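For the record, the sequence lines run as chains G and H. Counted the way our numbering counts, the first sequence spans residues 11 to 512. Counted the way our numbering counts, the second sequence spans residues 11 to 512.
Quick caveat, the hints were computed from the structure, so don't treat them as lab data. Since this is a predicted model, take the numbers as computed values, not measurements. Careful: at least some of the hints might be erroneous.
Identical copies look the same in the list; a pair holds intra-copy or inter-copy alike.
[Stated by the list, open to error] Heads up, simulated SDA-like pairs for lysine to any residue below, C-alpha to C-alpha not over 25 Å straight-line:
| hint | residue 1 | residue 2 |
| --- | --- | --- |
| 1 | Lys393 | Pro187 |
| 2 | Lys393 | Arg320 |
| 3 | Lys168 | Gln60 |
| 4 | Lys227 | His242 |
| 5 | Lys168 | Asp66 |
| 6 | Lys223 | His242 |
| 7 | Lys453 | Leu108 |
| 8 | Lys308 | Tyr157 |
| 9 | Lys123 | Gln274 |
| 10 | Lys351 | Ser15 |
| 11 | Lys352 | Arg246 |
| 12 | Lys435 | Asn114 |
| 13 | Lys227 | Pro86 |
| 14 | Lys393 | Arg38 |
| 15 | Lys168 | Thr61 |
What follows is the residue order along each chain.
Number of protein chains: 2
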Amino acid sequence: MSDSSLAPPAVFMELHAGNRKRLVAALRAHLSTSGRPLHGIVLLKGGEEQTLYCTDRVPLFRQESYFAYLFGVREPGFYGAVDIASGQSILFAPRLTLDDAIWNGEKELSSFKDMYRVDFVFYVDDLAQVLRCQFSEHGEPLLFLLYGKNTDSGNYSKPASFEGIEKFDTDLSTLHPILTECRVIKSDMELAFIQYANDVSSKAHIEVMRQIKPGMKEFQLESIFIHHASMHEGCRHCSYTCICATGHNSSTLHYGHAGAPNDQTLNDGDMALMDMGAEYNFYGSDITCSYPINGKFKRNQTIVYNAILRAHNDVISHMQPGVRWIDMHKLAEQRILESLKKENIIHGDIGDMMNQRLGAVFMPHGLGHLLGIDTHDPGGYPKGLERPKEPGLRSLRTIRELKEGMVITVEPGCYFIGTLLRHAKDDPISSKFFNWEKIEMYKSFGGVRIESNLYVTAQGCKNLTNCPRETWEIEAVMAGAPWPSRDDCSSATTTKNGLPKT
Amino acid sequence: MSDSSLAPPAVFMELHAGNRKRLVAALRAHLSTSGRPLHGIVLLKGGEEQTLYCTDRVPLFRQESYFAYLFGVREPGFYGAVDIASGQSILFAPRLTLDDAIWNGEKELSSFKDMYRVDFVFYVDDLAQVLRCQFSEHGEPLLFLLYGKNTDSGNYSKPASFEGIEKFDTDLSTLHPILTECRVIKSDMELAFIQYANDVSSKAHIEVMRQIKPGMKEFQLESIFIHHASMHEGCRHCSYTCICATGHNSSTLHYGHAGAPNDQTLNDGDMALMDMGAEYNFYGSDITCSYPINGKFKRNQTIVYNAILRAHNDVISHMQPGVRWIDMHKLAEQRILESLKKENIIHGDIGDMMNQRLGAVFMPHGLGHLLGIDTHDPGGYPKGLERPKEPGLRSLRTIRELKEGMVITVEPGCYFIGTLLRHAKDDPISSKFFNWEKIEMYKSFGGVRIESNLYVTAQGCKNLTNCPRETWEIEAVMAGAPWPSRDDCSSATTTKNGLPKT
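Extracted from the complex, chain G is given alone in its bound form:
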C-alpha cells in the first residue's frame, strides 16, 4: 500500500445533474403511463442546522440525503426545485443578514449558481413568487413534494413547506417512491464516489490493522481510522459511528455508541471486530474487518472466521441480477451452520436447523443492505414487498431481487450472544441442536463479521472493498506485508464474481 493519497473523482455537480435528469425521466414515464400531464415542479426542502438541546452548539451540518442526491448542496436552509416539463433546476438560498456575513462568510447569490450548476438561483423568501411566475406556462404549477416512509427507521420524510404553499396544488404520493427507486440504481458517477469511499476506508482499515496491539484502547483504533480517512483523503464525515469492538464486546452489534464508547483495553489473544466506513461527497462505505489483536489467529478464531469468510465468499459468488436477497441471507446462514456443525459446535440436520431459524441465534442481523448516500440506503421495501416476521429474516433491510446497478453490503457474522443463547437453551426444540459444552468455550469469544460492499453488474457483481480477507493474508498484512500487491493497486480488485484475487 502506498502512502500517497488517493485521487477522488473529479466530477461533482455533473453527478447531481445526472441524478436530476434520471428523476425527471422516471417521473415523466410514470405520469405518461397514468395519462397525467407531463408538467409540474418537484420541490424539496434541504436540511436545517439543529442546535443541541437548548444550547447554541451546532453539530457539523450534514445535508438531508434526498436533497443531497438531487442538488449536492452542502449548506443548510436551501430549497431546490426541478421543473418536470423543461428539466430546469432552481436553488433557493437563505437570504443572509449582516451578522450571517460576519459569522459565516459573505456569499453572493450568483456564487451558488456557479457552484451548484443549476439553471437559476433565488432567495428562499421569493420562493412562492418564483414558482408562480417562472413556471406559469401551464397555469399554476402542481408541486410534487417528498413524503414517504423510510423502511429502516419507520420515520416519514417531511414534505417541503413555505409561506403561501396553501395556494398551490400539491401531490404527496408520487415523488417519494420514484425518487427512492432512482437512488436504488447507481449511476457510474455515483459508483465512482462509493468506490472512492471504499478505497479510502479499505486503506484506513489496513492502517488500523498495522497499528493495533494489545494494551491499546478501542477508541484509538477509531481515531486512527478517522484520522487516516480525513488527513490523507479528505473525508470529513464517517458514514456511521465507528464500531471498534474487541473480545466479548464484538457480540454487541452496535457497540461503539455513547453507552459503550469503544473504551476497553485491548487484550492479547482477543479478536477485534472493526466496522467503520468513510463518506465522501455524501456517498458512503460500510466495511467490517475481523482479526486477532495480536496478529495471529488461534484455532477457535480460525474456525469462526473461516465459517464467515466461506459464507461471505459464497454469497458473492452467487450474486447476480434476479437473485433474491432473502435467498442469499439463507445461503449465508446455511454455510455458517454447516461450518459450525463440522466443528461439532452444533449437531443435527441442517435443514431442520434452517426450519427452526437456528441461523438467527448466531447471526441475528440481516446479511446486508443497500448502500449509497445513506449507509442504510432507502428502497429496501418498495410498495408490495412485506418485511418477513421470522427471527433473522425480519432484520433484513431488503428482500428484493438484485438488479444491475445496486450497491449492497455483504456482511455475514457469527456471534456468541448470551441473551440469544440462553433463549435457545430454554427452548426444548432449539436446545437439542447445540453442543452446550462447546458453546461454553465460546461464551466470551464475542463475534466475527466480514463486510464488503458489492456493486451488482449485468453478469455478477464487483467487490468495491479491498481488504485482506484470508487468514494468511491478514496475518501477513498485520506483520507488515504490502497490500495490495504492486500489480493490483488500482482501486479495488475484482473478478467476474467479485471475489478478491488471492
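Given chain G, put chain H in place with the hints provided.
Just chain H now, with coordinates in the frame of chain G:
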C-alpha cells in the same frame, strides 16, 4: 513537551454527586428565604438519541448538559431525580427489549446504580409510581422541572414530561435560574476536568503548529488536532466544530462549518487562525492560536498579532472578582485601537473612537464567554441583566461581574472584514478614523484571535491554557523547540494574574 499521555482526573461520579449537593443546598436556601417548605423533587429528563432526518442514522449521542451536570449519565433515554428533603438521587433507566440487548448490549439495572453512584435506580416506566410512593412522606411531592431560556441560543429547555405527570404539582420557574447559577461557579473537581481539557487541547494545538506547512489543506489541521486529542488523551468529542481558517478565511468568525469546510490549501506567507477545543467527561475547552503558516511572522502579521496579544494580556492582568466583563471588553477594544493607531492604520482620538464603537469594526464578537459543560456555558445574563444594544457589546455572551470560581474565555481578535469595513467607509463619522490606504493593504489579511481559558480566583485569575503566545515563543516552537520548558510542564503555567511565564 513530552509525548506521553496526560492523566485525566480520577474522580468522576464524585463530581456529579458534588454538583447535586450544591444544587440541593442552593434550592433549600432559596426555598427557605421564600418561606416555602424544604421538600419536593428535582426532576430532569436526559437527552434522547436523534435520527438524522427520516433515516435511521444516529449521530453519536451527547448528553444534555444540565442532565450531564447532575448525573454524568452517558446513555440516552434516562430521567434523573433529586429529593430536596433528603438529598437522595434516583436514576430512571429505559427498559431494554431483547433487540436492545442484542444491538446495544445487555445491562442490568443495578449496573447503573454502581456506575453512576446514585441512591436508587428504577425503570422509566415506573417513574410516576416511584415518585409517588418513594417520596410520599410530605404528601404528593412537588416536582421542580427545568424550564428557562438559554440566553445564547434563545431556546428554552424542555421540562421533563412523563405519562401521569398531570397528577403532580409542578414548579417551572424555580429550578432553572438556581441550577444555572450553580453551573456558573465551578467546583474544584469541575475545574480539574476543564484543566484536563485545556491540557489536552494545548498539547494538540502545539502538535498542529509543529506539523503545519504551506501546501497542506486546512482540514488536515483539524484532523491532526482531533486525532491527537482522541488518540493520546481519550477525548472523543470536541467542544465545537473546529475552525481552521487560513489567510482571508480567518475573517469569517465561524469558518469551518459545512459551507466553509476548512478545505482551502495553505498559502506560504498567510496567517492561520486555529480555534479548536477538546471535551472530556462533558467538560470542554475553547482555545485559539494564531500564527504564520510558514513559522515566521512578517511585519504586518506581527503588528496585528501583538495588538491582540497586548489586549489579551492586559485583560488577564485586570481580571479579579468584582470586575465587570463589559469593562474588560472595552479595555480590549481600547488596547487594539491604540495599537492600530500607533501603526497609523487608524487615526484620531481613542475616546472618540470608543464612543463611535469603532472597536466593533475590528472585533465584532464579544471578548469571551463562560465555559464549562457547554462551550457557551449558561448564566451569562441572569434575571435583571439586559444585553447591551451597541455594536460589539451586543455580541457579549455575558456582561456580569466576575466571581471567584467562574471559568471564562478571553479571546480578543482583530479582523479585516470586507462587509464591516465597507459599512464603516460609507459612514461619514466612522470613515474619518481610518487610513483607507493602509486598510487596503490588509484587505486579504484575514484576522488574528488569541483565546485562553481563565479561572477566576480570589485574588485574580489562573490561565488554564498553556500555548506559546509571544511571537518569538511561537516561532521557536514551530521550529521544534520544546514546550513547555522542562521546569513548567505540570499542567498550565500560572502567575498571580494568570499571565503565562515568559
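How the hints compare with the structure:
Taking CA atoms no more than 25 Å apart as the test, Lys393 paired with Pro187 passes inside one copy only; the shortest distance there is 8 Å, against 52 Å between copies. Within a single copy, Lys393 and Arg320 get their C-alpha atoms no closer than 34 Å, and across copies no closer than 67 Å, so neither meets the 25 Å cut-off. Taking identical chains as interchangeable, the C-alpha atoms of Lys168 and Gln60 lie at most 25 Å apart whether they share a chain (15 Å) or sit on different chains (15 Å). With identical chains, the CA atoms of Lys227 and His242 are at most 25 Å apart both within one copy (23 Å) and between copies (10 Å).
For the identical chains of this complex, Lys168 and Asp66 are neighbours both inside a copy (24 Å) and across copies (15 Å), given an alpha-carbon limit of 25 Å. Taking the shortest Cα distances, Lys223 and His242 sit within 25 Å of each other both inside one copy (23 Å) and across copies (15 Å). Taking the shortest Cα distances, Lys453 and Leu108 sit within 25 Å of each other only across copies (18 Å), while inside one copy they are farther apart (62 Å). Neither within a single protomer nor between protomers do Lys308 and Tyr157 lie at most 25 Å apart by alpha-carbon distance, with minima of 51 Å and 57 Å respectively.
For the homomeric pair Lys123 and Gln274, the shortest alpha-carbon distance between copies (20 Å) is at most 25 Å, but the shortest distance inside one copy (49 Å) is not. Taking the shortest alpha-carbon separations for Lys351 and Ser15, neither the intra-copy value of 45 Å nor the inter-copy value of 47 Å comes in at or below 25 Å. For a Cα distance limit of 25 Å, the shortest separation of Lys352 from Arg246 qualifies neither inside one copy, at 45 Å, nor across copies, at 43 Å. Taking identical chains as interchangeable, the C-alpha atoms of Lys435 and Asn114 lie at most 25 Å apart only when they sit on different chains, with a minimum of 22 Å there against 59 Å within one chain.
Taking the shortest alpha-carbon separations for Lys227 and Pro86, only the inter-copy value of 23 Å comes in at or below 25 Å, while the best intra-copy value is 36 Å. For the identical chains of this complex, Lys393 and Arg38 are intra-copy neighbours only, at 20 Å inside a copy versus 59 Å across copies, given an alpha-carbon limit of 25 Å. Taking identical chains as interchangeable, the C-alpha atoms of Lys168 and Thr61 lie at most 25 Å apart whether they share a chain (19 Å) or sit on different chains (13 Å).
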